[in-house]
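**Q** Construct the complete structure from the given sequences, taking the supplied hints into account.
Now for the letters of each chain:
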Amino acid sequence: MSETEVAGTWISDEMRASVGGEYAQRTSFPISASDIRKWAQAVYYPQPPPPLYWDEAYAAKTSHGGIVAPEDFNPFAWMTAAGPADVPDATAPGSTFPEHNLGVELPATTNMLNGGIECSYTGVRMRPGDVITAVTCLTEYTERPGRLGLMLFTTTESRWTNQEGQLVKTQRDILIRY
Amino acid sequence: MDVAVGDEIPTYERMSSFQHWNRYAAVNHEFVDIHMDDRAGKAAGYSGAFGMGHLQWAYLHCVLHEWMGEDGRIVSVKTQFRSPNLNDLRTIAHGRVTGVRDVGGETLVDLEVWTETEEGTVMAPGTATVALPH
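Line by line, the protein sequences give chains A and B. So the first sequence is residues 58 to 235, counted in the working numbering. So the second sequence is residues 1250 to 1383, counted in the working numbering.
It cannot be assumed that every hint is accurate.
One side of the interface only, derived from the structure: several residues of chain A facing chain B at Cβ under 7 Å [as the list claims (entries may be wrong)]:
id, residue
1, E71
2, A99
3, S120
4, N131
5, W135
6, N171
7, E175
8, C176
Just so you have them, the derived chain A footprint on chain B, three or more residues with Cβ under 8 Å [claimed, not checked]:
id, segment
9, 1253-1260
10, 1267-1281
11, 1293-1304
12, 1317-1325
13, 1328-1339
The hints are simulated quantities; they were obtained by calculation from the structure and are not laboratory data. The structure presented is a predicted model; accordingly, all values stated were derived computationally and were not measured. Glycine included, each C-beta is placed from N, C-alpha and C at the ideal position.
**A** Right, here's the structure in full:
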């Protein structure tokens, strides 16, 4: 048993003290029209994606005035503006966890799942050429017993803004580890 | 648009398969073993590999836009991922209207949204609010 797995809890005092901490700031490369088109192709596959996501001539005539990205688009995939060192490697255990970035010892869990997502959108859409910055804080730890053992729920909150400082969305992610 | 509490919006349906997951992994840089390898899915306690929660999240946005059109605005969406989208089962995204409000000149519609398998297992239950196009 590791030092973090004590008395039937995954949450160490050090983890508890780190709640509220800002642990990541990511800035995207400028979004390209192809990034948006490929995203929409993947999500709408095998049907063609709506022209708003790939046809500039069509999109220019809509209320959006041009191509916009789907609200769920991720501009941080495949490297951020900070370069390769800032790319979380999903195959490297713990590298994407808040504790790793807050200098806190990781809980000794062995599996993780995406527990849920909550997003509020402002109506400011992501567009080709936009540079998005996301600032992420550790918001909460909770835990409860589950079918696969004691489950640790970690909630983080990210605020996404564009290059003009306009808030695009606020996203809360719930990570489950066990 | 005429909208009333209790209305069900048209579903958005996609197969759950490596064809879909691999395309999504490629755009979201989401190369996680449980989405790529049946052995990893089994090691995590499931019957095999399963699709990304983020892909179900995307489908919950698609079902809203396919219904209200591209001029409709998604105000908020929240969901929990409770059951995995396993291979070879159709994923069906649903929405049911739970409220209609006029706020600041906009018509806001609250919905219960969820994804379920073709066998009826709810995978990602949640809620959403949209602003209908003028």
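**Q** Take the hints in turn and mark each one as holding or not.
**A** To see whether the hints hold, each was checked on the structure:
For E71/A, the interface hint is violated, the least distance from its beta-carbon to any beta-carbon of chain B being 27 Å, above 7 Å. Given the 7 Å rule on beta carbons, the hint for A99/A holds: about 4 Å separates it from the nearest Cβ of chain B. Annotation: interface hint on S120/A holds; nearest CB of chain B at approximately 5 Å, less than 7 Å. The criterion of a C-beta within 7 Å of any C-beta in chain B is met by N131/A, whose closest approach is roughly 5 Å, and the hint holds.
Residue-level restraint check for W135/A holds (minimum Cβ-Cβ distance to chain B is 5 Å; threshold 7 Å). A least Cβ separation of about 4 Å between N171/A and chain B falls short of the 7 Å threshold, and the interface hint therefore holds. A distance limit of 7 Å between C-beta atoms decides the matter here; for E175/A the minimum to chain B is near 4 Å, and the interface restraint holds. Because the smallest distance between the Cβ of C176/A and any Cβ of chain B comes to about 5 Å, under 7 Å, the interface hint for this residue holds.
Coverage of the segment 1253-1260 of chain B by chain A is violated in this model, with 0 residues showing a Cβ closer than 8 Å to a Cβ of that chain against a need of three. Using a Cβ-Cβ cut-off of 8 Å, 11 residues of the segment 1267-1281 of chain B lie near chain A, which meets the minimum of three, so the contact claim holds. Residue count for the segment 1293-1304 of chain B with a Cβ under 8 Å from a Cβ of chain A: 6. That meets the three needed, and the coverage hint holds. Remark: the segment 1317-1325 of chain B is confirmed as covered by chain A, as 6 of its residues place a Cβ nearer than 8 Å to a Cβ of that chain, reaching the required three.
Requiring three or more residues with a Cβ within less than 8 Å of a Cβ of chain A, the coverage given for the segment 1328-1339 of chain B holds, as 3 such residues are present.
Against the hints set out earlier in the document, violations occur for numbers 1, 9.
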